[in-house]
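Asks: Protein chains in written order, with the UniProt record's numbering: chain R, 1 to 290; chain C, 1 to 290.
One or more hints might be untrue.
When chains are identical, the list treats them as one kind, so a pair holds in a single copy or across two.
Unchecked claim - Cross-link-like lysine-lysine pairs, in silico, BS3-like; alpha carbons within 30 Å at most:
(1) K112 <-> K207
(2) K284 <-> K207
(3) K210 <-> K94
(4) K285 <-> K112
(5) K207 <-> K94
(6) K207 <-> K285
(7) K284 <-> K112
(8) K128 <-> K94
(9) K44 <-> K28
(10) K207 <-> K221
(11) K195 <-> K94
(12) K196 <-> K108
(13) K28 <-> K196
(14) K108 <-> K94
(15) K221 <-> K284
(16) K94 <-> K284
Hints in this document: simulated from the structure, not taken from any laboratory.
There are 2 protein chains.
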Amino acid sequence: MSPDNTSDLPELWSHVPHTHLRYRAGDKVADIDAEATPGFTGSKSDAPALMAERNERFAGLQEMLYANSRSGDHRSVLLVLQGMDTAGKGGIVKHVVGASNPQGIQYKSFGKPTPEELSHHYLWRINKALPAAGHIGVFDRSHYEDVLIVRVHNLVAPNVWGARYDEINAFEQDLVDAGTTIVKVAMFVSLAEQKKRLAERLDRPDKYWKYNPADIDERLKWPRYQEAYQAMLDKTSTAYAPWYIVPCNRKWYSRLAVLELMIEALKSLDLKWPPANFDVDAEKKRLAQA
Amino acid sequence: MSPDNTSDLPELWSHVPHTHLRYRAGDKVADIDAEATPGFTGSKSDAPALMAERNERFAGLQEMLYANSRSGDHRSVLLVLQGMDTAGKGGIVKHVVGASNPQGIQYKSFGKPTPEELSHHYLWRINKALPAAGHIGVFDRSHYEDVLIVRVHNLVAPNVWGARYDEINAFEQDLVDAGTTIVKVAMFVSLAEQKKRLAERLDRPDKYWKYNPADIDERLKWPRYQEAYQAMLDKTSTAYAPWYIVPCNRKWYSRLAVLELMIEALKSLDLKWPPANFDVDAEKKRLAQA
Numbered sequence: 001m002s003p004d005n006t007s008d009l010p011e012l013w014s015h016v017p018h019t020h021l022r023y024r025a026g027d028k029v030a031d032i033d034a035e036a037t038p039g040f041t042g043s044k045s046d047a048p049a050l051m052a053e054r055n056e057r058f059a060g061l062q063e064m065l066y067a068n069s070r071s072g073d074h075r076s077v078l079l080v081l082q083g084m085d086t087a088g089k090g091g092i093v094k095h096v097v098g099a100s101n102p103q104g105i106q107y108k109s110f111g112k113p114t115p116e117e118l119s120h121h122y123l124w125r126i127n128k129a130l131p132a133a134g135h136i137g138v139f140d141r142s143h144y145e146d147v148l149i150v151r152v153h154n155l156v157a158p159n160v161w162g163a164r165y166d167e168i169n170a171f172e173q174d175l176v177d178a179g180t181t182i183v184k185v186a187m188f189v190s191l192a193e194q195k196k197r198l199a200e201r202l203d204r205p206d207k208y209w210k211y212n213p214a215d216i217d218e219r220l221k222w223p224r225y226q227e228a229y230q231a232m233l234d235k236t237s238t239a240y241a242p243w244y245i246v247p248c249n250r251k252w253y254s255r256l257a258v259l260e261l262m263i264e265a266l267k268s269l270d271l272k273w274p275p276a277n278f279d280v281d282a283e284k285k286r287l288a289q290a
Numbered sequence: 001m002s003p004d005n006t007s008d009l010p011e012l013w014s015h016v017p018h019t020h021l022r023y024r025a026g027d028k029v030a031d032i033d034a035e036a037t038p039g040f041t042g043s044k045s046d047a048p049a050l051m052a053e054r055n056e057r058f059a060g061l062q063e064m065l066y067a068n069s070r071s072g073d074h075r076s077v078l079l080v081l082q083g084m085d086t087a088g089k090g091g092i093v094k095h096v097v098g099a100s101n102p103q104g105i106q107y108k109s110f111g112k113p114t115p116e117e118l119s120h121h122y123l124w125r126i127n128k129a130l131p132a133a134g135h136i137g138v139f140d141r142s143h144y145e146d147v148l149i150v151r152v153h154n155l156v157a158p159n160v161w162g163a164r165y166d167e168i169n170a171f172e173q174d175l176v177d178a179g180t181t182i183v184k185v186a187m188f189v190s191l192a193e194q195k196k197r198l199a200e201r202l203d204r205p206d207k208y209w210k211y212n213p214a215d216i217d218e219r220l221k222w223p224r225y226q227e228a229y230q231a232m233l234d235k236t237s238t239a240y241a242p243w244y245i246v247p248c249n250r251k252w253y254s255r256l257a258v259l260e261l262m263i264e265a266l267k268s269l270d271l272k273w274p275p276a277n278f279d280v281d282a283e284k285k286r287l288a289q290a
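Whole structure, please, built from the sequences with the hints as guidance.
Replies: What follows is the structure, encoded as structure tokens:
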């Protein structure tokens, strides 16, 4: 398969995810139907074959991004995954990101900050994990925790977290200016579906490790998280780094959608295989004699 | 599929790779047949289905390793890949490591040291890249470059690189003592096959980026590299961190072989799903009411 930049969105998509799922001013978190499959006309049974095909497309583009960095191209891509527990961030990492070459992936999960991290500015640990040229960075949670869990739990004063929205926008503007394409995915699962998923973790000994009693504490703060997500979308969805709203009750849909968002991000870089930075014929002769 | 620790080596293997491919005192690099497929009775046509099946097994075990780290298990696995250019290190990363969840993988490629790296001890950058608990670290080249390219090019005095074998052994002993299982893979491609693979990179514009004129300079030093590899095997294949010799002219074979080495390493940890570190029934009740 020879990756190129022409439109190749599969016909099962009636609407292009990167425009259709993009947050628009006025969108309300309370109105999101987590069960929906916006823009997709197919069904679950279409997903496996489509995932396989588009994973290959993604992997081809990722290799091209990586290849270009060897010739001095400084661009990179950053996937930011935010969502409540069980929204399926791990599944995106495994099934979407996992399809590409580990060589070009920089994955980072942001948990509770360590004492060292807390002793720095909240963007310190974020900066350290930014993708190198040619790489796809994947943030499993991110700097947005600093306006989500931090806001909900009052971990810092309101004027402190309140100032972060502008700060994050400025930070992301710098990243974009430096050549990073940012894909911010807000993943929404319904309260009922979350209950089902947490119950499954409690029913299966091979899932216990994914369960954390604190998840229920967070669940009980759902309305406050909705507010915090709403503010995050309203204040940090910018032209240069927009949020995408992905309904996640159907895992197969959310994975297909994020996969298309990533493909589109890579296609927007208008990548080509880099030209040789050596004399091909001369090298052929050297090799023949070596 | 429920991973367990019983022997499940596919029948197409007549000999267990982790004993059959292990370096033995007296093994000579000059005698290695890079074309061979030691221990494997199948053929190339068997490879795709077998890779898919064993990749799944590998991914299952990797998840279990990761899961255990959440309950305080500090163990990790480190795959060290060494080989001449075109031996197929990248293919191992893509097709073997790539089958597992990026969440649990720490990939690091060691190229020419940066000025900062050079200002430190040669193990400084190695230490920084060691896998965290529950992770599989992948070294694409490694500290062994410090007794390979460094030795061949006389980048430091002989007494300096000469002291490194013992130092590396002590370093690896510490890692093993701290809970890291080290899988060291020496990949061997023949001179003729290397020529073919370099020629392909020069024939295909989508492969130019993998070509480096310096590869031919290294190729011309083949006999000196053979000496350096021989010394590396003789001096650093220890009971606690043995080298495995993998013939790599047939990519499908080398990938299957390394995959089995990794599966075996994970099986040797005798992993089980970690027990719940919370009261399952109490949490079920809390969830029902949440």
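Asks: Hint by hint, say whether it matches the structure.
Replies: Hint-by-hint comparison with the structure:
1. K112 <-> K207: Answer is within: at 21 Å inside a copy they meet the 30 Å cutoff, but 42 Å across does not.
2. K284 <-> K207: Result: close only across copies, 14 Å inter versus 55 Å intra.
3. K210 <-> K94: both (15 Å within a copy, 27 Å between copies)
4. K285 <-> K112: between (57 Å within a copy, 26 Å between copies)
5. K207 <-> K94: both (16 Å within a copy, 27 Å between copies)
6. K207 <-> K285: Answer is between: at 18 Å across copies they meet the 30 Å cutoff, but 58 Å inside does not.
7. K284 <-> K112: Between. Shortest inter-copy distance 25 Å satisfies the 30 Å Cα cut-off; intra-copy 54 Å does not.
8. K128 <-> K94: This pair counts as both: shortest intra-copy Cα distance 23 Å, inter-copy 25 Å.
9. K44 <-> K28: Close inside one copy (27 Å), not across copies (55 Å); limit 30 Å.
10. K207 <-> K221: So K207 and K221 pass the 30 Å test inside one copy only (24 Å; across, 52 Å).
11. K195 <-> K94: within (22 Å within a copy, 36 Å between copies)
12. K196 <-> K108: For K196 and K108, the Cα distance is within 30 Å only inside one copy (27 Å; across copies 38 Å).
13. K28 <-> K196: within (24 Å within a copy, 59 Å between copies)
14. K108 <-> K94: both (13 Å within a copy, 19 Å between copies)
15. K221 <-> K284: Between copies only: 18 Å across, 65 Å inside.
16. K94 <-> K284: between (41 Å within a copy, 27 Å between copies)
Checked against the numbered hints given earlier, the structure satisfies every one of them.
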